[in-house]
Amino acid sequence: LAKTTQPISMDSYEGQEVNITCSHNNIATNDYITWYQQFPSQGPRFIIQGYKTKVTNEVASLFIPADRKSSTLSLPRVSLSDTAVYYCLVGAMDSSYKLIFGSGTRLLVRP
Amino acid sequence: GAGVSQTPSNKVTEKGKYVELRCDPISGHTALYWYRQSLGQGPEFLIYFQGTGAADDSGLPNDRFFAVRPEGSVSTLKIQRTERGDSAVYLCASSPGGQGNTGELFFGEGSRLTVL
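These protein sequences, in sequence, are chains D and E.
Numbering-wise, the working numbering puts 28 at position 28 of the first sequence, and it's gapless, one number per residue.
Add 1000 to a position in the second sequence, counting from 1, and you land on the number used in the working numbering.
Be careful, since some hints might not be right.
[What the hints assert, rightly or not] Think about it this way: if two alpha-carbon atoms lie no more than 20 Å apart in a straight line, the pair counts; the simulated SDA-like pairs of lysine to any residue are:
(1) D/K52 <-> E/T1102
(2) D/K52 <-> E/G1103
(3) D/K3 <-> E/Q1037
(4) D/K3 <-> E/K1011
(5) D/K3 <-> E/E1104
(6) E/K1078 <-> E/T1114
(7) E/K1011 <-> E/T1102
(8) D/K3 <-> E/G1059
(9) D/K3 <-> E/Q1041
(10) E/K1017 <-> E/T1114
(11) E/K1011 <-> D/S41
(12) E/K1078 <-> E/F1066
(13) D/K54 <-> E/E1104
(14) D/K3 <-> E/F1045
(15) D/K3 <-> E/G1042
(16) E/K1011 <-> D/P40
(17) D/K54 <-> E/G1103
(18) D/K3 <-> D/D82
(19) E/K1017 <-> E/F1066
(20) D/K3 <-> E/K1017
(21) E/K1015 <-> E/T1114
(22) D/K3 <-> E/G1040
(23) D/K52 <-> E/E1104
(24) D/K3 <-> E/G1103
(25) D/K3 <-> E/D1056
(26) D/K54 <-> E/T1102
(27) D/K54 <-> D/S41
(28) D/K52 <-> D/P65
(29) E/K1011 <-> D/Q42
[As the list claims (entries may be wrong)] Label-pair ranges, simulated between beta-carbon atoms:
(30) E/K1015 <-> D/Q16: 26 to 34 Å
(31) D/P111 <-> E/G1051: 44 to 52 Å
(32) E/P1096 <-> D/K3: 20 to 28 Å
(33) D/S103 <-> E/Y1018: 27 to 35 Å
(34) E/Y1018 <-> D/T53: 47 to 55 Å
(35) E/G1085 <-> D/S81: 28 to 36 Å
(36) D/R106 <-> E/G1085: 35 to 43 Å
(37) D/N57 <-> E/D1056: 41 to 49 Å
These are calculated hints, taken from the structure and not from any lab test.
Note that CB positions come from ideal geometry on N, CA and C, so glycine has one too.
Throw the hints in and build the complete structure from the sequences for me.
Right under this line is the structure:
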């Protein structure tokens, strides 16, 4: 399974756009890129997933360059409630699918 | 219920005791996962079930840890002769599995285990 590297922590302010970049140099052809969010005392929650180019949903966008060796999670206009740990994961969606989490990025949104 | 349910939410035990943690997955989900999360760390994979069978138990740290899912729904994680290092939050997740996989795992809120 491809290893991921992401910043340990990031600070932002309410209303700003936050971009968290993850590197996954050894991503395999059939791997997808998935991002999860985790609040204290809760299990991780799926945010977004993509394979290439750009994916957007109601909470975030995911940008994946052509070589797929990195990806960027973009959170538009963050609020205090976006303070959480964000995990970037890669893995193949086949019958042996499992997620391997790293240490994640701790995002702190300040007023 | 609508989500993954884990019981107990908190468990305090003494070193050397036996512990069982239960997970009720989302109805109809054939895939079930157990993870362990220590303070300040990301979740660590333990075991993955597809139906009743353990498809991948490569994350179980040693033979004191065992998990079952006898009817392909509820799963129990069993820890024998608990040690202080077993203290962590044990997370369970489920997903549709097989052809229904979208890559999204649905996590419960976890069972916090404290070994004194």
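Okay, the hints, checked on the actual structure:
{"no.": "1", "hint": "D/K52 <-> E/T1102", "verdict": "16 Å, holds"}
{"no.": "2", "hint": "D/K52 <-> E/G1103", "verdict": "15 Å, holds"}
{"no.": "3", "hint": "D/K3 <-> E/Q1037", "verdict": "18 Å, holds"}
{"no.": "4", "hint": "D/K3 <-> E/K1011", "verdict": "33 Å, violated"}
{"no.": "5", "hint": "D/K3 <-> E/E1104", "verdict": "19 Å, holds"}
{"no.": "6", "hint": "E/K1078 <-> E/T1114", "verdict": "14 Å, holds"}
{"no.": "7", "hint": "E/K1011 <-> E/T1102", "verdict": "33 Å, violated"}
{"no.": "8", "hint": "D/K3 <-> E/G1059", "verdict": "16 Å, holds"}
{"no.": "9", "hint": "D/K3 <-> E/Q1041", "verdict": "15 Å, holds"}
{"no.": "10", "hint": "E/K1017 <-> E/T1114", "verdict": "11 Å, holds"}
{"no.": "11", "hint": "E/K1011 <-> D/S41", "verdict": "14 Å, holds"}
{"no.": "12", "hint": "E/K1078 <-> E/F1066", "verdict": "5 Å, holds"}
{"no.": "13", "hint": "D/K54 <-> E/E1104", "verdict": "18 Å, holds"}
{"no.": "14", "hint": "D/K3 <-> E/F1045", "verdict": "14 Å, holds"}
{"no.": "15", "hint": "D/K3 <-> E/G1042", "verdict": "13 Å, holds"}
{"no.": "16", "hint": "E/K1011 <-> D/P40", "verdict": "18 Å, holds"}
{"no.": "17", "hint": "D/K54 <-> E/G1103", "verdict": "17 Å, holds"}
{"no.": "18", "hint": "D/K3 <-> D/D82", "verdict": "25 Å, violated"}
{"no.": "19", "hint": "E/K1017 <-> E/F1066", "verdict": "14 Å, holds"}
{"no.": "20", "hint": "D/K3 <-> E/K1017", "verdict": "36 Å, violated"}
{"no.": "21", "hint": "E/K1015 <-> E/T1114", "verdict": "9 Å, holds"}
{"no.": "22", "hint": "D/K3 <-> E/G1040", "verdict": "19 Å, holds"}
{"no.": "23", "hint": "D/K52 <-> E/E1104", "verdict": "17 Å, holds"}
{"no.": "24", "hint": "D/K3 <-> E/G1103", "verdict": "17 Å, holds"}
{"no.": "25", "hint": "D/K3 <-> E/D1056", "verdict": "19 Å, holds"}
{"no.": "26", "hint": "D/K54 <-> E/T1102", "verdict": "17 Å, holds"}
{"no.": "27", "hint": "D/K54 <-> D/S41", "verdict": "31 Å, violated"}
{"no.": "28", "hint": "D/K52 <-> D/P65", "verdict": "7 Å, holds"}
{"no.": "29", "hint": "E/K1011 <-> D/Q42", "verdict": "16 Å, holds"}
{"no.": "30", "hint": "E/K1015 <-> D/Q16: 26 to 34 Å", "verdict": "47 Å, violated"}
{"no.": "31", "hint": "D/P111 <-> E/G1051: 44 to 52 Å", "verdict": "48 Å, holds"}
{"no.": "32", "hint": "E/P1096 <-> D/K3: 20 to 28 Å", "verdict": "27 Å, holds"}
{"no.": "33", "hint": "D/S103 <-> E/Y1018: 27 to 35 Å", "verdict": "31 Å, holds"}
{"no.": "34", "hint": "E/Y1018 <-> D/T53: 47 to 55 Å", "verdict": "51 Å, holds"}
{"no.": "35", "hint": "E/G1085 <-> D/S81: 28 to 36 Å", "verdict": "34 Å, holds"}
{"no.": "36", "hint": "D/R106 <-> E/G1085: 35 to 43 Å", "verdict": "24 Å, violated"}
{"no.": "37", "hint": "D/N57 <-> E/D1056: 41 to 49 Å", "verdict": "29 Å, violated"}
The earlier numbered hints that this structure contradicts are 4, 7, 18, 20, 27, 30, 36, 37.
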